[in-house]
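Engineer: Residue numbers (our numbering), protein chains in the order written: chain A, 132 to 566; chain B, 1319 to 1615; chain C, 18 to 324.
Among the clues, some could well be false.
Simulated pairs of lysine-lysine, DSSO-like, Cα-Cα distance not exceeding 27 Å [said to hold, decoys possible]:
#	chain 1	residue 1	chain 2	residue 2
1	A	K247	A	K507
2	B	K1602	C	K129
3	A	K286	A	K314
4	B	K1345	C	K129
5	A	K548	A	K374
6	A	K267	A	K359
Note that these hints are calculated values from the structure, not bench results. Everything numeric in this text was worked out from a predicted model, so none of it was measured.
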Amino acid sequence: MKMRLSNRLLTVLRATTIVGAGFAGLSAAEAANLKLMFQGDPYEVKIITETAKKFEAANPGTTVELINTPHDAYNEKVGAAVSAGALPDIMELDAPFLANYVWSGFLQPIAPYIDKAVLDDMTASNISQGTYPVDKQLYATALVDSTVALYGSRKQLTELGIRIPTSVDDAWTKDEFVAALEKLAASGVKWPIDLFRAYGTKTEWITYAYEPVLVSMGCDVIDRTTWKAGGTLDGEKCVEAAKLLQSFVQKGWVVPQSAGGNQFYAEGRPAGLAWGGHWFYAEAKAQMGDDVVVMPLPKFGEKSASPNGTWIYAITKNASDPALAGKFLSFMLQDPEYRAAYREHAGFPGLKSFAADSPLYASGGAMAVAFEQASKSAVPRPPHPAYPTITLAFQQAMNNIFDGADAQEELSKAAKKIDADIEDNEGYAPFGQAN
Amino acid sequence: MTTISGPAQMAAQTPSRVPRDWSAVIKFVAVLILALVIVSPLFLLVVASLKADRFQILADMGSFRAFWVSDPTLQNFREVWTFSGALPFGRYLLNSLVILFVTVLGGVFLNSMAAFVLAWGRLPGRAIILTALIGLYIVPQESIVLPLLTLVNRVGLSDSFAAQILPFMASPLYIFLIYQFFIQVPRDIYDAATVDGAGPFRIYWSVFLPISLPVLATVAILLGIETWNQYLWPLMVTQTDRARPISVGIASFFGHDSVYWNSAMAASVMMMIPVLIFYLAFQKWFVSSFISSAVKG
Amino acid sequence: MSIREVPAAIGRRRRALWDGRVQEIAMLLPALALIAVFLLLPFLSSFRIALTNERLIPRPVPPRFVGLGNFQQILTDHDFWRALWNVARFTLMVLPVQCGFALAIALLLNQKLPFRNFFRGLFFLPAITSMVVVCVIWATLFQYPTGPFNQIVGFLSFGLVQPIDWLGDPNWSMPAIVLLSAWQAYGFQMIVYLAGLQGIPESLYEAAELDGAGRWQRFWHVTMPSLRQTHVFVLIITTIQAFKLFTQVNILTQGGPRGTTDTLVHYMFTAGFVDQRLGLASAVAILLFFIVLVVSLVQRFVVRDRK
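With the hints as constraints, model all of the structure from the sequences given.
Structural biologist: Structural data, given as structure tokens:
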């Protein structure tokens, strides 16, 4: 207790010296301290630091302490912070882990503390990534979101007579997609598609980017009402989806993992299409200019599906003043300079007003189709506390399937692993009990 | 320390006679070629750090173009420094240097002292302690990092220099290394010192340390590099810029969906320079130690 | 207990001995205390954790005592045995390559050579490069099918040898990791050998030369035996380091393709930090500890001094 007090004093002392003479007169007891744990690249660090300073200036007596944590060991740090009872007031987290954190009791609903204007401004996809399925409450928000789109070369596709879809509604069907790949292969393209296997074999990318194929074909990595993987992940439709992706690899259509993630635009354009995240646009555009065309992910079955989710902000149960934390988040998301910085780095909008403000994503922009997915086809990854196990099991299965293993066998193994973990945690109650 | 690295000493080190001129030239050329082959992968790093466009670096990867830059610029290096404010690299560098020097200084002293006792002391159970130490070296850092983090948090050392120095100063590896060196010291040297009535610390300090420069330099260099490149632990234990080392600062360039290759490469090159200087300074201690002369005389 | 309590009757020698012991303890203690607190203690706590189903991020369901359940699960997991086999393979390959190369370079750099300090710096550069950067560089060198290595192989074989998927082909993945690891780490052994070479008395070489020993004979009969303690150190430490192989695998292959580069530490890391099963990971760490301990003890026994 004593130590925490002295720590607090120390932080306040440090903060006041940084902020300057303006607050020197304030007594430590009156100052409200907000601890914010986040991860980001240098540009994000810079803009968040500036925003925090402005917030401090606008709210005398408040200090914002930034805890910048490179995303590499983020979960480990969260774990250690929980063990030591030292969670910050606001923490940034990777959206698919939200359910795990809420279930574990670290977070609190944020809607009461966030400006209504901001809440109303959130896209459907942004709301879904921050919502906990048990109480249907919002636990996190952010300015940005993410998606995956299909990239191609306008020239190449036109020459080959391949139709270029312009909206989620006229996305390629499965047959059209396969036909396009066949045409590309026949035209002498080295690899018809890059699925970015170069990102690695144990990476969130696999679940993030490939699960939509499963969902579009009418299945999922886990049943979202009974919360059982068995019977779903190893069901007929998922096996079919996995086999489809496997067949692409076996036909030599997919850029191999060790060829790097630049084959779509590297010299000679070895890859025809790219199944890439929204951030990939900037890379491709830098080399190919306006020849890059952005298309929606194909509609493999009855419905379209696309991924979403990024690093989002939540208020922890530790927050001494959740209202102040909410005030800061509202301030940050509406700060023009904060928005400008994200716009400059092609941030994928999670707020409607931010989209209208971003020429790249606004109607008529090159990435408009990608943004359209956020309202029409975005499906969050399963919001379940077992997500760490779900994604790992799925990643391992998909890798083995890509490497030639039997799809049914691998998916059954993954489903068993997931269900065993759920059982190991006594069902993660109240999950799987309602309905 | 420098007095012993005179020219005469250097010549005395050469085991064989000075070869004929032409063979010396061939040898020199062979070593040069070998060195260039070994170092060539690092050209890629330097070349990439001179390319301003991170997308160009990405596009060039995986071909020989990665080894070529058409319009070299130092812009990346400047940029890394201008992140100051958001990411104060000067501060990170200073932190890294502080951690490096304290760890190495303390490490060389503590480890050699312990190694001396294990090699020449009279305490019972020295062999067991040594075996246990080697055993502990087996424990992978990844497996203790979490209990260690909880421990550090509990004692209030989180986000401090101490948390990055204390766990690495004493090391089974370097105790073992110095031990292996100390036990080769001829018995006469030790006995001569005890006859003079010197206690263990005196013998260690004024007899063993001076003849152990090569191994102490080795420990300083290896421990220094290890400390300099520490990543996982400082990543977990630092929260603010107060004690954050440069290795963690660089990690920020590897964002979750984009990598700032240009800055990352420039920062990586910059990060290698101080430790290279550190190495070059210490490798001068690789001179024939007094053991050989002691044996001779 | 202080010196004053020692009965005065004890002679000066005894007292000196006693003083010596106190000094010895004082010299040994700081290092041992630090190691005990920061290495032994955390390691011991993993024995406790290994018997539970504790998670990386604490959960509302309290951790349960599961006895030897974690060990049972690991020992019946095919992937664990594969990881063990992989590190054994890695160790057997990397030991001769890395140590042999390091010794060769150390011998070279110990001779009279123009710009010797410059070369010592050059040959040491890989060792001071951080592993993350090394992996970025080597991923480019290994790139399939047009990376520099494949171009060199194609050029040298006049295009006869097809491009090799170094990191993606199960047959090549481990040799590729071995090559990269040896390149990055040989500086460690090199510098230890360099230090060891300084301890060889010049007189031994002179005596050998008088006996008419040639260059090779001097190497085999003077240099190698004189480096005995260094060899022992290098052998044991390189083996332990090899068994702890992790970073490069985690960055480049994540254990793939088809598990051919999965290692014990990578298996542990995945269990603990990705799957968040701290209990399971601790059990792996303990198994790893005992496996390597046995290997080290066997090595110590084999290379022990036979006097």
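Engineer: The structure should be examined with respect to each hint, and the outcome stated for every one.
Structural biologist: Hints, one by one, checked against the model:
| no. | hint | result |
| --- | --- | --- |
| 1 | A:K247 x A:K507 | holds (23 Å) |
| 2 | B:K1602 x C:K129 | holds (14 Å) |
| 3 | A:K286 x A:K314 | holds (14 Å) |
| 4 | B:K1345 x C:K129 | holds (10 Å) |
| 5 | A:K548 x A:K374 | holds (20 Å) |
| 6 | A:K267 x A:K359 | holds (20 Å) |
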